[in-house]
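Trainee: Letter by letter, the chains look like this.
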Amino acid sequence: MNEMPVVDAEAGTLLPKISAKKVQVFYGETHAIKDVDLNIADRTVTAFIGPSGCGKSTFLRCLNRMNDTIDICRVEGDIRIDGEDIYDPKVDPVQLRAKVGMVFQKPNPFPKSIYDNIAYGPRIHGLSRSKADLDEIVANSLQKAGLYEEVKDRLDEPGTGLSGGQQQRLCIARAIAVSPEVILMDEPCSALDPIATAKIEELIDELRENYTIVIVTHSMQQAARVSQRTAFFHLGNLVEEGETKEIFTNPTDRRTQDYITGRFG
Amino acid sequence: MSLPILVFVLLALSVAGYVLGRGRAMASAGGDARKLHSLPNYYGWFGFLVALLPAALMLLLWLPAQSVVIDTQVSAMISDRSAAESSRGLVMSDVERVAEGLDLAVDAGVLTEEQAASIRTEFTDVRERLGEVGVALGSDVTSETLQAAQRYRALSSTGDLLRTLAVVAAALAGLAFVYRRAASTFRARNAVEAVVRWILILAASIAILTTVGIILSLIFNTVEFFSLYPAWDFFFGLTWSPSFGGGSELGILPLLWATLYISFIALAVSVPIGLFAAIYLSEYAGPAVRAVAKPLLEVLAGIPTIVYGLFALLTVGPLLVDIFGDGGVLGVGWMGGGTAVMTAGLVMGIMLIPFVSSLSDDIINAVPQAMRDGSLGLGATHSETVKQVILPAALPGIVGAILLAGSRAIGETMIVVLGAGAAARLSLNPFEAMTTVTAKIVSQLTGDADFASPEALVAFALGMTLFVITLGLNVIALYIVRKYREQYE
Amino acid sequence: MTDTTAQTGRAVAAPARKGSLLEVDSLTRKRNAAEARFKMYGLSAVIVGLLFLVALLATILSNGTSAFTQTFITIPVPLERAEIEAAEKSIVKTSKYRAIIGTAFANVLSSAGIETDMSAKDLDKMMSSGAAASVRDFVLANPASIGTTHTFDLLASSRVDGYLKGRVTREDLINDKNLDAAHLDIVDRLSAAGIVQKRFNWQFIFGADASDSRPEQAGIGVSMIGSFFMMLVVLVLSLPIGVAASIYLEEFAPKNRFTDLIEVNISNLAAVPSIVFGILGLAAFIQFAHLPQSAPLVGGLVLTLMTLPTIIISTRASLKSVPPSIRNAALGVGASKMQSVFHHVLPLAMPGILTGTIIGLAQALGETAPLLLIGMVGFIASNVPDGVAAGFLDPNSAMPAQIYEWAKRADPAFYERAWGGIIILLLFLMTMNIIAIILRRRFERRW
Ligand SMILES: Nc1ncnc2c1ncn2[C@@H]1O[C@H](COP(=O)(O)OP(=O)(O)OP(=O)(O)O)[C@@H](O)[C@H]1O
Ligand SMILES: [Mg+2]
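Residue numbers (the working numbering), protein chains in the order written: chain A, 3 to 267; chain B, 73 to 561; chain C, 5 to 451.
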């Protein structure tokens with residue numbers, strides 16, 4: 003299915019940021035991801051689409067090993083980031099997650115001040131040497147997340163006091179603050195109104211400059227607007243992956259066609 | 073008619089009410105149950121309730137009223153002189169015993185009814201006659217007591233007769249009412265349901281009645297205590313030394329000090345252990361470990377406090393003496409005897425571990441999963457997540473849980489009665505024996521003190537203090553916990 | 005697909021921004037160590053808690069099991085008519101019987117070949133002071149036995165019993181005026197001869213309390229009856245009242261100040277110290293209502309008030325767990341609200357209610373403090389109540405109060421009884437909890 007040219011690392015030319023081979027995920031007896039091969043390019047927005055329960059979130063959570071926190075979850079296969087197997091026993095998931103950040107469906111700021119929300123990551127990862135360092139990281143992250151102007155005067159107020167859209171941007175800023183290379187977003191706009199959604203989409207487009215972004219979305223329009231590449235999942239299978247324009251205008255698989263034209267979902 | 077028979081008669085009349093109500097309704101519908109507004113049984117129950125409830129209510133009100141009336145009448149017969157010798161209450165209880173003895177004597181056939189009403193101490197040795205039927209009297213019966221007792225019996229039997237008449241009349245009136253009302257058009261079900269509803273409300277109000285009862289029983293006796301002993305000395309006195317001969321010093325501070333000291337030690341033991349156990353069980357343990365360890369820990373909470381008391385007195389106390397006592401392992405000689413603040417505090421701490429851990433467990437689990445995911449997704453370790461996100465988020469709830477545990481510790485009785493010691497002391501040494509508010513409530517009310525003396529009444533003032541403190545803690549704690557839960561709902 | 009090439013091509017151009025994932029940096033190592041430490045604290049806390057439980061249970065078992073055996077001395081006593089009649093005529097009847105037993109005991113010693121120069125009075129100290137009374141009771145109950153020789157298993161004194169159980173050592177006896185080392189020599193030889201033996205002690209389970217000087221006779225049976233009558237009161241009152249109150253609060257109560265007041269009261273009462281309920285019982289039931297002191301009825305009333313909040317809370321939870329669809333279905337076929345509750349909701353909630361009630365009863369069964377204040381402690385559990393009314397009204401103790409009573413007495417022989425009593429109490433509690441668990445498992449419904 004995958005028509006993307008994958009070139010070996012030794013060959014030295016084309017190397018995806020993330021490459022997954024024969025990935026299988028089981029929740030106890032449930033086979034949630036079946037034999038998925040997928041490459042994700044660096045500094046690109048890749049959208050995962052597909053009907054509910056098809057395994058988008060599950061696959062996404064494999065990429066920073068968030069599935070480790072679920073007792074019954076088992077992951078098989080090979081997932082590499084920059085050529086390094088992230089399920090290698092030598093890899094510490096804590097370090098991995100600093101490199102691969104995550105933003106969740108529902109905004110989940112900590113019950114702390116806005117400042118402490120952002121500073122939380124840098125503090126635990128030891129990214130700042132001084133208070134001034136930390137201040138700068140916080141300001142920078144807020145700026146990148148396009149939130150700075152709105153909150154700069156109330157950094158010590160609780161993060162939970164912001165609006166839903168602001169909270170989600172706070173969560174994005176929080177993820178950016180540990181300077182990850184990849185940001186995973188699981189339906190980041192599904193709890194937001196259209197205006198807040200537009201802001202986040204704008205933001206994602208800007209972030210593409212510096213980060214590899216993978217976004218799960220249920221909105222075809224959103225996928226079309228923000229992503230360069232799209233992967234369509236169905237019942238645990240990766241049905242097809244390719245350039246977003248291509249997928250939406252000229253899908254090769256019947257199921258993809260049915261889904262994007264709204265015949266099921 | 074004696075009380076049990078009266079109750080039985082009342083029940084019989086109520087059953088008659090059932091039969092009557094049902095029968096009348098069926099008759100008025102010409103035997104066709106479909107013509108009735110309600111099912112036939114509802115007419116029966118209507119009859120039953122109408123016959124029973126007013127009469128039963130009458131009986132319930134009558135009982136205390138009768139005893140109050142008789143008491144005032146009879147105690148008026150006791151001269152001030154004999155009341156001055158002992159207390160009026162004691163004379164009255166003598167009177168009651170003699171009256172009871174006379175009843176027994178009549179029952180046993182030793183005396184006839186007339187003899188019982190007319191014997192005089194001048195002619196008969198009443199004490200010996202009553203002794204024959206097994207009523208032992210402490211002192212000889214004075215003629216005044218005997219006359220009072222005879223009056224008591226006479227009034228009682230008149231009262232009993234009137235009582236029977238009143239109750240039976242009420243039940244019969246109920247039956248008459250049923251006879252008139254139980255017809256096919258009568259909405260029996262609605263009537264019965266209205267009554268049942270009132271019964272339900274009454275049952276629910278028992279919670280309020282209990283609280284009111286507690287407050288009244290504390291307040292009356294406390295006020296009485298403060299009329300005998302200055303409140304200032306009670307609340308701010310530094311010495312506790314009751315002496316039953318009078319001249320007691322009844323300062324609460326040493327007791328309060330020991331209570332708080334022991335509770336503090338108990339919390340110092342139970343809060344870290346309970347909290348860490350809760351964190352481990354809810355955040356780290358696999359389902360198998362959790363399924364075994366959690367109920368096992370909760371067994372500690374199901375063990376009665378008397379067991380902990382014995383454990384303190386006979387096991388932990390001697391063990392601590394072996395370590396901290398004279399010639400103990402450490403050779404420090406801090407501890408004289410097994411009962412001490414430390415002993416009681418430690419054991420109480422053990423008792424409170426499951427209390428703290430299961431409350432904290434609930435509270436930690438109430439922190440939404442999204443919060444954990446957020447932290448873990450940023451690359452925090454599990455312990456960082458717990459320490460920096462979950463615990464701060466759960467803090468109000470945990471504070472509430474600790475307050476509840478503290479209130480438990482302050483109100484705990486058996487462990488301190490057996491483990492803490494009996495001497496009141498204001499000392500900082502946790503290895504010394506001290507005594508607490510609850511322990512003194514027990515000792516002042518189970519001793520031989522006259523019930524009207526300040527030495528006994530002080531127990532109610534102690535109880536009042538205890539009640540106010542624990543109530544305050546509980547109200548605050550419950551408020552905090554509820555607010556906390558609402559936040560995550 | 006040309007665009008893809010351009011995209012991935014940029015990735016190669018970007019320099020690696022961080023070290024390899026395969027190497028764990030030093031900060032992460034430190035953080036992981038902190039993680040491991042934290043986890044250890046948690047695990048140790050659980051282990052410490054469990055160790056306390058083990059220590060508690062081990063103490064109870066090791067100290068308490070010996071209460072279930074007791075030392076008996078087997079003595080054939082000739083019941084001569086003349087001697088019995090003389091004894092019955094005398095004022096100090098039991099001391100005459102004691103003399104009869106003394107002679108019989110001396111014969112036992114000499115026929116076992118045990119030489120002693122001890123006086124009969126000294127030898128008597130090896131036997132319980134209740135022994136004479138039990139011989140007399142037997143004779144009065146079996147007049148036909150007069151003239152024969154009957155073999156009695158008489159209780160040994162608590163010191164002898166303690167010696168055989170290892171509680172009393174020879175050193176302990178140096179200052180003891182009741183028994184000395186010479187006695188113990190005799191005990192050793194008698195027990196070798198099988199005349200002194202430890203047997204299972206039914207009297208401990210079914211018997212009455214005994215006075216300070218006869219720990220070997222004390223049993224928990226009568227206070228068990230006291231507890232039984234109290235539990236009866238608690239069950240009969242708290243179940244219907246608790247269920248009625250819960251039904252009102254859960255199904256009918258409007259949201260108003262009165263309902264709020266009840267709710268607040270219930271949750272606070274659940275946390276009021278039990279001793280305060282004792283004060284309430286003393287003032288309200290004994291001082292004010294003149295109910296008899298030390299009566300299981302009063303104890304039951306106090307415990308009812310104490311357990312009601314627990315029962316109400318658990319009953320409401322099980323009413324709540326019945327889904328509204330059941331209520332709506334009943335209302336839909338024209339039942340009144342009251343009918344839907346009593347015919348449909350209540351039966352479905354019953355297993356949960358019973359479970360909660362049993363757990364509440366178990367709590368009440370172990371409660372001691374309030375009973376002390378209403379006088380259910382002291383040497384009062386001395387007679388089996390004759391009849392049901394007496395069971396409710398006659399002074400009696402309760403199991404936990406009896407244990408407390410023994411713990412307070414001076415003679416350490418009573419401690420063994422206290423621990424033994426705890427074993428029995430815990431067995432009851434365990435049974436009740438197991439029944440509750442079985443009920444819950446058996447009838448648990450998932451909606
Ligand atoms: N924690 C879990 N335990 C057991 N099964 C799970 C768990 N999480 C997901 N699953 C199962 O795995 C399958 C894939 O779920 P997943 O959440 O990845 O779907 P999804 O594509 O993200 O759906 P949605 O669009 O609704 O978010 C589903 O069948 C789901 O039931
Ligand atoms: Mg999903």
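It is possible that part of the hints are untrue.
30 Å max Cα-Cα, derived DSBU-like pairs, lysine-lysine [claimed, not checked]: (1) Lys146(A) with Lys107(B); (2) Lys34(C) with Lys133(A); (3) Lys459(B) with Lys108(A); (4) Lys324(C) with Lys366(B); (5) Lys23(A) with Lys133(A); (6) Lys324(C) with Lys107(B); (7) Lys114(A) with Lys34(C); (8) Lys555(B) with Lys202(C); (9) Lys129(C) with Lys97(C); (10) Lys97(C) with Lys125(C); (11) Lys93(C) with Lys125(C); (12) Lys366(B) with Lys154(A); (13) Lys97(C) with Lys202(C); (14) Lys169(C) with Lys181(C); (15) Lys108(A) with Lys107(B); (16) Lys24(A) with Lys247(A); (17) Lys154(A) with Lys92(A); (18) Lys259(C) with Lys555(B); (19) Lys133(A) with Lys459(B); (20) Lys93(C) with Lys129(C).
Think of the hints as simulated: they come from the structure by calculation, not from any bench.
Trainee: Checked against the structure, which of the hints given earlier come out wrong?
Mentor: 1, 5, 6, 8, 12, 15 and 17
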